[in-house]
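Trainee: Those protein sequences? They're chains A and B, same order as listed. Heads up: the first sequence begins at 1 in the working numbering, then just goes up one per residue. Heads up: the second sequence begins at 271 in the working numbering, then just goes up one per residue.
Derived by calculation from the structure, the hints in this document are not laboratory data. Do not rely on the hints blindly, as some may be mistaken.
To be verified - Heads up, simulated DSSO-like pairs for lysine-lysine below, C-alpha to C-alpha not over 30 Å straight-line:
(1) B/Lys382 to B/Lys398
(2) B/Lys390 to A/Lys266
(3) A/Lys266 to B/Lys382
(4) A/Lys8 to B/Lys398
(5) A/Lys266 to A/Lys8
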Amino acid sequence: MIAVELHKLVRSRRTWITVALLNALPTLVAVLLAVTDLGPRPGTGPAFLSAVLADGKLFPLAAIAIVLPLFLPVAVAVVASEAIAGEAQEGTLRYVLTRPVGRTRLLVAKLVSIVAFVVIAVLVVAVSAYVVGTLLLGDQQGVASTSVSGTALSTEELAWRTGLSLAYATLSMLGVAAIALFLSTVAESPLAAALGTIAALIASTLLLTLEAATSLHPYLPTRYWLSFVDLFRDPILWRNVGRGTALQAAYVVVFLGAAWANFTTKDITD
Amino acid sequence: MITTRGLTKRFGQIVAVDHLDLDVREGDIYGFLGANGSGKTTTVRMLLGLVLATSGEISVLGQAMPASARAVLPEVGALVEGPAAYRNLSGRVNLALFDAMGPERDPSTRDKRIEEVLEKVGLAAVDKRPVRAYSLGMRQRLGLAGALLRRPRLLVLDEPTNGLDPQGIREIRALLLQLHAAGTTIFLSSHLLAEVEQLCTRVGVLDQGRLVIQEELATLQQPTGRTLVRTPDVQLARGLLDGQVEHHDDASLLVRVTDVAALNSRLVTRGVRVEELSPERRALEDIVLAATQPTSDQLTGR
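Next comes chain B alone, as it looks inside the complex (with noise of 0.2 Å):
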């Protein structure tokens, strides 16, 4: 759905995107992670022919970009970052206006689509205020509806949950799920490590221009060989397993066994009062930082 070959871009003497080589294929939910200033948001605004590149090539939805701008666009739903929308404008019209502009318009079926996406977001009881009154939360959801409103095959997202409280959170990651079920690919960037681990399948991490991890996320998350015991008898389970425990502290312990069901039956027959039993599996946030360097928001002196 979307392949860049060495893409680059430099603003100047910064170079803002390092030969990137993304892979986001037909069904995904790719998650695009990376630190503030990464190039996330620069590379997002490539794929969709905003910003220029300096070198390399993309192509989305098999086509060439930006070239084919216009063949290829009408089937991407974008959100880039923040909604915006004409302020004095009411929600429905401007999805209507939005709607009108560039090829494949389709009036007949206008009204119904827009009414469809203003259900899917949660915005359908939406009256006629401006936008200017809308809280944040609501802004969101009309860029999405905005977004949806083609009916795109490939859904590409900057920050969609930006300024939506837990509950919001909730539902929009539900509708991506179901839309995601209905055959839809999504792109989606973020710097929130929890929002991608729980909905993503694959994953690109950026560093400093450059894409360090591109993998599915089942991959990334195997369990690493060994197993976390919690027991309130941990000096028996020592001398029980000696030479295996990695490590302990007071209620728990770090063991180098794969099979979980036999050291478990082991520890209970040997009177090892065991509470949880479970394969270790690295937390994408310890992949993401150990593949990263320290935040480049952050300036040290030297």
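In isolation and in its complexed conformation, chain A is listed as follows (with noise of 0.2 Å):
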């Protein structure tokens, strides 16, 4: 089951007209800066954008660093929700379940599927932003790039620092795709799971802004989405990286729970 939902996930145009528009604004950014000179003073605007006008192999961290917030979630939120209230407004999810696929096997695939779609966006918006970044944006022949620390990194070391930052801006959208998922199962249609996962994202976004909150923020599915900033200090700075990994599991572990609980136990009745 796994394989035909990666086969559907492959073939399905919106996967590559979602995973496109992710790539338009950073591409976008990429050109304004190309073209006006103007980056943002250090410390201002999203992480690594000040340094992207001298050194373009940062652009695929300010490329995940610009969609990360807000633009992959809701790509994220809109892929998972299909997963069963799309088939199910489609009618296409009985005839899943007489195959017979079991119900557990089902969610499983369907998250499989929705990981396989971050990575390829994730990694597609990377590769894109380096090829910009190293086309338009600066690029210091021989010298080396630094951290967010100010000390030099080596090209291997921005290599593999790059690499466990995509890693972990993917593992970052888990929760958001666990809870679209989880919706999934409990809305008639795809709409409504979206639009419900979105708004516990803004809802989270919002509380992290509030002060009266502070007790609850290390539970917010968005607290330590930016954390894999702290992968280019000198030295790494684990610990919010780490926590922003159990949260992920958490989420993880008690949505697709719900998840499951709900739709093992549902009268398939569309």
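The two chains are supplied separately, each in an independent frame; assemble them into the complex guided by the hints.
Mentor: Below is the structure:
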């Protein structure tokens, strides 16, 4: 079933349109920076953006920082919400289940396919940002890139830290995927599930700005999303990355469990 | 092939299916009749493990459902409440995808089986157009193809001729008869009495969640012991058959006689011109209407 879901994902035009749209904003930003040569002052704007004018190889990270707070989670919410509610609305769910595909198996296959989508999206954004960054933005030949802490990073070090950041960005989306998958088993329409997920993320972002909600902050799904910046400190600051990983794992366990409990006992009447 | 014991399904306060004891035997073409909202679709969904019963037992192909779904369903072909497919993919790709799902996959014969079922349902010439562009009839045929793909022993079909033109209905009827002749048991849920009358060997009638009739069609349609006579000489015949005529109009009489041949010779020797003689059989429509209450989607004020 996992193979079938991946096949459907790759063949779906929507997948590639979504990925292309995800690339649009970072590319536009790169073009604007290249044309105007006006970077944000250090310490303002999305992470790494102030540094890319000098070093285009950092642009993949800047691109991820651009899409991670809103675009990527919205795309994940839309794709994940289709999982069950979309099949139910199209009527294919009853035929999938009578093949028979076990309900638990179907949920797992859907989650794997969503993760595959996130990986594809993150990789495409990173690769195209690397191409755009090195073509349009600064390319300091032979000069080492600098970490956020100001120390020099060798190309090799930059590569693996970038890889680690991409993995962390992918991981950060698991919580969104699990929430959307759960709502997809509850809601009748994929649209309702997607909007519900986005509402949860907006609530989380809002609570993070509220001092009165400080005690909740460590448990909010968006809290550690941008912690991948810590991977570019010297030495690497693992604390928040570790907490972010644990938090996403907790969200996956709770919401996938809820999705499983709901879906396996549900009457399929559509 | 299908037996249920006390099968009941409640949705909140509403009892959709009420202590149903179905008995579908091997080799049947079982017509499952009932008005809209009588619980047919809920029953079909319970048989296939889509809707979970409130109480009661279901056995399909001799194994408990939904517990043994993984063993049972690969041998069951189903069409539930209209066909469905991934709209942006072609019919062939859809069949291949559905065939790749679930247990007992057999990729080596997949292409061959796909061509075989497309041929059977009359879609052999279908091109690479996505299902989005299919007509309702083509989708119905594709749905049937999907049900037949694994060469099932049991077919559970819900309104299989929905959306087909008269020609298509005839083709599908012929196909079902051919499959039945090859040993497939067919459970056909329908509200089209004529379809069931032409196709089925056994009939179950559902009314407001209860099974009110379950019988061989031939038994249900046994002669009533009366004979219908069509003749231009109604008055003459009445005089001759005094006391045996139950009902008459300008061109026909209903006579309480079982021996049609004897009746014929008696009428003809006395000079009654006979146009038609036939033993009266009860129409399925009358049987069903007598056994059920007024249709449930009609709301009457009280």
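Trainee: Look at each hint and say if it fits the structure.
Mentor: Now for the hints, and whether the structure bears them out:
1. A hinted pair counts as satisfied when its Cα atoms are at most 30 Å apart, and B/Lys382 with B/Lys398 qualifies at roughly 17 Å.
2. Of the supplied pair hints, the one linking B/Lys390 and A/Lys266 is violated, its CA atoms being roughly 35 Å apart against a limit of 30 Å.
3. Our distance criterion of 30 Å between C-alpha atoms is broken by A/Lys266 and B/Lys382, whose separation comes to about 36 Å.
4. Taking the CA atoms of A/Lys8 and B/Lys398, the gap is about 16 Å. The hint holds against a cut of 30 Å.
5. Distance hint between A/Lys266 and A/Lys8 is fulfilled; the C-alpha atoms sit about 25 Å from each other, no more than 30 Å.
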